[in-house]
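**Q** Residue strings, one per chain:
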Amino acid sequence: MPLNTDKTIEGSFQLIGGDFSIAGESSARLKSILTDLGVQEDIIRRASIATFEAEMNVIIYAAAGTLHYEISPRQIRITLVDMGPGIKDIDQAMQEGYSTAPDWVREMGWGAGMGLPNMKKNSDEFKIDSVVGEGTTVEMVINLP
Amino acid sequence: MKLGEIVEKLSLDVKTGHHGLQKEVSGVYVSDLLSDVMANSKEGNVWITLQTHLNIVAVAGLKGLAGIIIVNNRQPEKEINDKADSEKVTIMTTSMPAFEVTGKLYQMLN
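Those protein sequences? They're chains A and B, same order as listed. With the first letter of the first sequence counted as 1, position 30 gets the number 421 in my numbering; the numbers rise by one all the way through. With the first letter of the second sequence counted as 1, position 78 gets the number 101 in my numbering; the numbers rise by one all the way through.
These are computed hints drawn from the structure, not numbers from a lab. Beta carbons are placed, not taken as given, at the ideal position from N, Cα and C, and that holds for glycine. One or more hints might be untrue.
[Said to hold, decoys possible] List of simulated lysine to aspartate or glutamate pairs, EDC-like, C-alpha gap at most 20 Å:
(1) A:K512 <-> B:D59
(2) B:K106 <-> A:E416
(3) A:K518 <-> A:D480
(4) B:K65 <-> A:E432
[Claimed, not checked] Pulled a few chain A residues facing chain B out of the computed Cβ check, cut under 8 Å:
(5) S412
(6) K422
(7) F443
(8) E444
(9) M505
(10) G506
(11) N509
Just need the whole structure built from these sequences, with the hints factored in.
**A** Take a look at the structure:
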């Protein structure tokens, strides 16, 4: 089904570290925007999972962050910029099962070391940059058919 | 099988989202890891877990799950109810442990 738009739609959501009560809200809103645009279901599913995991990383690890989305007829681009501790070893962080989450976060069923791998798996392009002590930037692109 | 039939046969206690009992159940997913449920559950699944906090509602809503069964007589945290009702997520509880409720559902659905 063609996308119900020929221009680029963009917006941002603010995320606050430690606020688990807002977890999933940005991905739910993005999901409803994509649904309204007539994007096909499997792509909405991938974008939702990738965005939810990205939100969780900001909530678990950072003080704050911004999630920016840009939907063009060709692709969905989701960019996260956080003010967090940064990641020392990105290759290690990308390994499934590796996590630095504290115990109380693991008890909630998060911090299983699946977040970044899930984000990568559901994206067509995945980029991550991090500076220890400053923060992390993640960019995910999902192509539209 | 409809969610309502499962509730009746297993004597589950429905806490939120009573309207969801008409939903058709596509299968069952058992996990206490939220990223695992996000990655591997399927739309229309019933999710069996011991997690009781708010984020289970968001995960179930995002994945379009038929409902959540909380095991071992654990109760959903208080602030869940409003969110679950507004997101149309059905939460049920049981005194059975995960193994038992999963086994019974496996027999019912296969």
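**Q** Now tell me if each hint is right for this structure.
**A** Cross-check of the supplied hints:
1. A:K512 <-> B:D59: This hinted pair holds, its Cα atoms lying about 13 Å apart.
2. B:K106 <-> A:E416: holds, 11 Å
3. A:K518 <-> A:D480: Answer holds: A:K518 to A:D480 is near 14 Å, not above 20 Å.
4. B:K65 <-> A:E432: Status holds; Cα separation ~13 Å.
5. S412: Nearest chain B Cβ about 6 Å off; hint holds.
6. K422: holds, 7 Å
7. F443: Given a least distance of 6 Å, the restraint on A:F443 holds.
8. E444: holds, 7 Å
9. M505: At 4 Å from the nearest chain B Cβ, A:M505 passes the 8 Å test, so the hint holds.
10. G506: OK, holds: A:G506 within 8 Å of chain B, min 6 Å.
11. N509: Constraint on A:N509 satisfied, holds at 5 Å.
The earlier numbered hints are all upheld by this structure, with none contradicted.
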